[in-house]
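The listed protein sequences correspond, in order, to chains A and B. Here the first sequence stands for residues 70 to 417, where the numbers follow our numbering. Here the second sequence stands for residues 473 to 1077, where the numbers follow our numbering.
FYI, nobody ran anything at the bench for these hints, they're computed from the structure. Among these hints, one or two may not hold up.
As the list claims (entries may be wrong) - Chain B residues, not near chain A, derived (Cβ > 12 Å throughout):
hint, residue
1, Pro487
2, Ala508
3, Val700
Unchecked claim - In silico DSBU-like pairs for lysine-lysine, Cα to Cα no more than 30 Å straight-line:
hint, chain 1, residue 1, chain 2, residue 2
4, A, Lys73, A, Lys339
5, A, Lys356, B, Lys805
6, A, Lys392, B, Lys680
7, B, Lys681, A, Lys356
8, B, Lys741, B, Lys711
9, A, Lys339, B, Lys1057
10, B, Lys645, B, Lys632
Please read these numbers as outputs of a predicted model, since none were measured by experiment. The beta carbon of each residue, even a glycine, is placed where N, CA and C say it ideally should be.
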Amino acid sequence: MNNKNNAPLLWFTELNLKDVPLVGGKGASLGEMTQAGMPIPEGFVVSTTAFTKWLDQLDTKHEIRARISSLAHDDLANIAAETMAIRELMINTPISLELNEALTEAYIKMGDGTPVAVRSSATSEDSEEASFAGLQDTYLWVEGLPALLEKVRACWASLYSPESVSYRRRLNLPEDQLAMAVVVQSMVNSRCSGVMFTRSPTSGDRSVITIEGSYGLGSAIVSGEVTPDRYALNKVTFEFKSRQVAEKSVEHVPGQGGVIELVVNGPRNKEACMSDEEILSLARLGKQVEKHYGSPQDIEWAIDQDGNLRLLQSRPETVWASKEQAPIATEAVSAFDHIYALMGGKQS
Amino acid sequence: MNTKLNPFPMPSSIPPVEGAENWSSMYPYFTQVEEADDKRFWFYNSMHFSEPMSAFDMITAEAAYHAMGAVVTRVFAFPTGKGIDYRCINGRIYITANVASDPAEIEERLKLFRERAGHYYANWTSIYANWQVRMRKLIKDMDAVELPALGDYEDEIVIKEARGIAQNHQLRKAWHQTMELYAQMWHHHFEMLMLGYGAYVVFFQFCKKAFPEIADQTVARMVAGIDVLMFRPDDELKKLARLAVELNLDDCFRVDGDPKKVLGAVASKGDAGAKWLASLEESRDPWFNISIGDGFYHFERSWNDDLTVPLSALPHYIELVRAGDSLERPTEKLRHERQNIIDEYRSLLSSDEERAAFDQMLSVSHLVFPYVEDHKFFCEHWLTTRFFNKVREFGDLFVRFGVIDKQEDIFHLHHTEIDTTIGNIMNSWAAGSPPARPNYWKPIILERRRMLKVLREWSAPPAIGPMPSNIEDPALQMLWGITTETLNGWASASLEDNDQEVQGYAASPGIVEGTARVLRSINDFGEIQEGDILVCPITHPSWGPLFSKISAAVSDIGGTMSHMAIVAREYGMPAVVGTGDATKKIKSGQRLRVDGDTGVVTILE
Chain A
70 MNNKNNAPLL WFTELNLKDV PLVGGKGASL GEMTQAGMPI PEGFVVSTTA FTKWLDQLDT
130 KHEIRARISS LAHDDLANIA AETMAIRELM INTPISLELN EALTEAYIKM GDGTPVAVRS
190 SATSEDSEEA SFAGLQDTYL WVEGLPALLE KVRACWASLY SPESVSYRRR LNLPEDQLAM
250 AVVVQSMVNS RCSGVMFTRS PTSGDRSVIT IEGSYGLGSA IVSGEVTPDR YALNKVTFEF
310 KSRQVAEKSV EHVPGQGGVI ELVVNGPRNK EACMSDEEIL SLARLGKQVE KHYGSPQDIE
370 WAIDQDGNLR LLQSRPETVW ASKEQAPIAT EAVSAFDHIY ALMGGKQS
Chain B
473 MNTKLNPFPM PSSIPPVEGA ENWSSMYPYF TQVEEADDKR FWFYNSMHFS EPMSAFDMIT
533 AEAAYHAMGA VVTRVFAFPT GKGIDYRCIN GRIYITANVA SDPAEIEERL KLFRERAGHY
593 YANWTSIYAN WQVRMRKLIK DMDAVELPAL GDYEDEIVIK EARGIAQNHQ LRKAWHQTME
653 LYAQMWHHHF EMLMLGYGAY VVFFQFCKKA FPEIADQTVA RMVAGIDVLM FRPDDELKKL
713 ARLAVELNLD DCFRVDGDPK KVLGAVASKG DAGAKWLASL EESRDPWFNI SIGDGFYHFE
773 RSWNDDLTVP LSALPHYIEL VRAGDSLERP TEKLRHERQN IIDEYRSLLS SDEERAAFDQ
833 MLSVSHLVFP YVEDHKFFCE HWLTTRFFNK VREFGDLFVR FGVIDKQEDI FHLHHTEIDT
893 TIGNIMNSWA AGSPPARPNY WKPIILERRR MLKVLREWSA PPAIGPMPSN IEDPALQMLW
953 GITTETLNGW ASASLEDNDQ EVQGYAASPG IVEGTARVLR SINDFGEIQE GDILVCPITH
1013 PSWGPLFSKI SAAVSDIGGT MSHMAIVARE YGMPAVVGTG DATKKIKSGQ RLRVDGDTGV
1073 VTILE
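Produce the complete structure using the sequences and hints provided.
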């Protein structure tokens, strides 16, 4: 395994959940699902090893990191000044020859010119990983090697955005153990895409799957720029519980230099963006992912122009999972005691 | 009460239907509304009493509520629930449920309930077995009630055995016995039913808490039995269809309608015909003792009384058998599906503690459910249709003595009026003279017939009296499909009416589009075309054969445990029940979309 630990770059097919320290939560989860046979678009992760090597090269004496460690979380002026310096350094310093070669080889293997998504994948194990990760950048529809190299460095640099640093300082997270992986994943030119919760986001009901979908790339939904179609299904029987087809005013599609927003015209804007069959396959896939992980999931998905279903990401649902709940009822001495309790106006 | 806030009329303010001003003369004084009733909230029990009551049929409400209230209030002392008060308005039955609210009283009742209900729960299976024996005896006794011949002279044996009681006395005894056996049936009916509901409600509420969005129909599916008596008459019919094909008797059933012609055609087929007829006889007793209704009206005859309904279902079944369909219910598959749903829900619970409670509650539900599902066959169908037939024998006697014109006229007399009239006949036979005032009832019956016709057109408000802020009564929800939401729906229905949409209870999943066929009675069976969407007030077990032809079902009345809901789920077709007014809004021939997932029926054209 020494080899894996030193590798600057790891394919999804070689990764699983144990690899979080190497490739971050997102990268490890994509590897885990790929290995479980889920329809994950292919890709690889630039490992934390690569990041650390590079950062050590930039900050040989750990001076930058020491200076950041000493900043107060609300000293925004100094945070801004320090982070700007290190970000400029990161963006202007070429990456190592070793990593450059590995990235070039991998990208050509995926198909030179393939549009990819470049996302940061944090390694922090604390419970606020979701919000932490949310502070790092994502670049969609990145085409060509030069752009890829630039975005990988931009992801790394995003670790030193004022918000990110201020956040780490507030939580007093050690700068020395900080590392970031970068996921590079083949992009789905999606006809529609969206999110799926394998429990009800409104009631926490674990027998419900909720799916939200809209035209084009998922960024329109994630950024809240469109009201998606919304479906709820029974996770046990796969019966529809509700269908709300919304008016979807815009969609994100690939365009010059990344993603552009287009207006969706009528009547298409009022039509359901996917078929019942597609919704059902998606729900079944969601149930499978939940079963694999053993807990309710928050999933990003896409359907490509040919109608193929793809999962882009899955993470544990956190809102309801964190609510401690007393059991609704526990075993009674006699099964009939439950009846006496209810009929007597008490709960068992 | 602010009338603006209260959308429902006050009981005492409801005027008599024009042309039937004298309706209340048909019913006992204590069933009628007084001003004090305006303080309580009542709803129209359209599920059981979808038509105005004839004077005699009022017994189906009287006897049922006497028994139900006794069981809940006095026999088992349900801690918080008491009996039902009922009122008759313009011939329709409105009910309200009484509750115990004093904590000390509830405590006292709970103590009794634990002992008494506990005895039944602990011995459920053996009590139910014995219950069936008691019911069969009751039915046998009902059949055995003998009306005296009232011929010219007393039977010789009365003299030889020196019995000393003449047979006109036996007439009154026979009448009282008939009424007595019927009333006993209702006591038996509720003896175990309320306990059964109680057990189910516990499981139901647990599921609602554990899975806040679970559909009622899904809870029902985990509990519902597979070998349910309700399916049996239809299964017998399918068996007869298979036999007809096997014996090559198909042609006999192409004769339209008339049972005499059909059976005559079968009888002419020699040994094969005889074999089929023998099999029919076997099926008839007891399985054709099934009412075409729900057992609350005298005019709902059984299959045995009128073979038209079962025989007219046969051609379609025979066709299906010929086409290679075995018509066997896939019981193993159904069992497997049910277990699968149970297992998956169980696994979604958050802890082993909850799973243990779930197992206990489900096991009690499974214990009581055979009774909940099967009692109706014995009570509302088998015994009740025999009861009405026994009353018809008295009708014949009344005709013979000239106090009424036709057998069926007797159903326009209240049972107490029949009792007094029996006195008239007893004396007529004894005095050796015609009955006194033989024409007393005839104009009254004529007038009552006329009034019932007028009352039938009345659009009864679904609820009356001050609207409660909420009614989270799981029994109401399960039986009648009534929730706070339903009330709000009723309340707003008077304000804004959407003509293109009917909202009901999602009872069986799926979405189907098709042609509407509005049926008010199973006797209109012939109108149904393959693939139609059935729209009707309510369905009963004898409507079973219809479900092999239709693509979806919609009813005015019923909850998730109603007949339509259960059968539709079994056939895997969408159903929306308890819409309130689907049969009024929808016309035969219209294109509909039935959404059994959300409970919405849309009129497309």
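Hints not upheld, ascending by number: Number 4 - this is the single hint that the structure violates.
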